[in-house]
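Engineer: Sequence:
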Amino acid sequence: MYGRHLPRREPPKKAAPQVTGPHVVLETAVTGREVVHPRLGKAFLIATDMDSEDQVPEISRELRERFADKTSALLQRVAAQAGAAEFAPADVVFMDLETTGLSSSPLFLVGAMVWERNGLEVRQFLARNYAEEAAAIGCFLDECARHRFLVTFNGKSFDLPYLRMRAAANGIPFEMEPFHFDLLHECRRIWKGVLPNCSLQTLERHVCGRGRSGDIPGMEIPDAYHAFVRTGNAWQMVDILRHNLLDLVTLADLMTRLPAPSE
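Following my numbering, the numbering of the sequence shown begins with 1 at its first residue and continues without gaps.
In case anyone wonders, no lab produced these hints; they're calculated from the structure. Any given hint could be a false lead.
[Claimed, not checked] Cβ pair distances, simulated, as ranges:
id, residue 1, residue 2, range
1, N129, T71, 47 to 55 Å
2, G171, S262, 44 to 52 Å
3, L45, R210, 23 to 31 Å
4, P196, V36, 26 to 34 Å
All values reported here derive from a predicted model rather than from experimental measurement. Here a beta-carbon is modelled for each residue, glycine too, at the ideal position from N, C-alpha and C.
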């Protein structure tokens, strides 16, 4: 009965992570440029031609072939959700978010991958500070408006609701309504109980036959971004951008490996 009258001990504050890497300037570490949204201000765009990435030209070719073949396993799975709608590679935008938390925290990176001419290109819309979040979101939404087919991994439960919530927090109209193909749901139907789990990197290893070395763990990404905003040192941002890019590549790779619904 006396405990409630005792002074409460405040939990210790989490110490800011120490910056241990060499000082890296973002604009010199990556090939990107500042972009200005007409209403929302500045953000930073990193555009990467994926033809030089290992295995990506082959993934791009196989994906184009599956869109061209109306009987392909991929289009059978798409038809099960979209009915008679027809899509071409140019209709597709792959999306992956990097955020500062799991609830209402700001996001700071929207990664998109699209077809540019005959190959894949990754376009990463980065907020270099918290104030640039709105422009990063707005620039991605403008990009997405040019496409009719959105591909995500757990996007129906996480990425799209999160993007919608952050758009609302920044006063940005959210009007994107593409056909949404969430690969997590497809992969669970196929490989649940077969693989240890259906995380993206488990699928990457076991289904795509690829691994990563030196990848930044997802749980470290929010603190790494906060450290970048606080210090201006982008040494971990390079790793985050690479992590996001590889996630997008794995989405495309998985689409080429989906079996027909009857298999």
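Engineer: For the range 44 to 52 Å, tell me whether the beta carbons of G171 and S262 fit it or not.
Structural biologist: Because 47 Å falls inside the window, the suggested range holds.
Engineer: Verify the CB-CB distance for P196 and V36 against the hinted window 26 to 34 Å.
Structural biologist: 45 Å, violated
Engineer: Evaluate the given range 23 to 31 Å for the C-beta pair formed by L45 and R210.
Structural biologist: 26 Å, holds
Engineer: A range of 47 to 55 Å was offered for this pair. Does it hold for the Cβ distance of N129 and T71?
Structural biologist: 49 Å, holds
Hint check: a violation occurs at hint 4 only; the rest are consistent with the structure.
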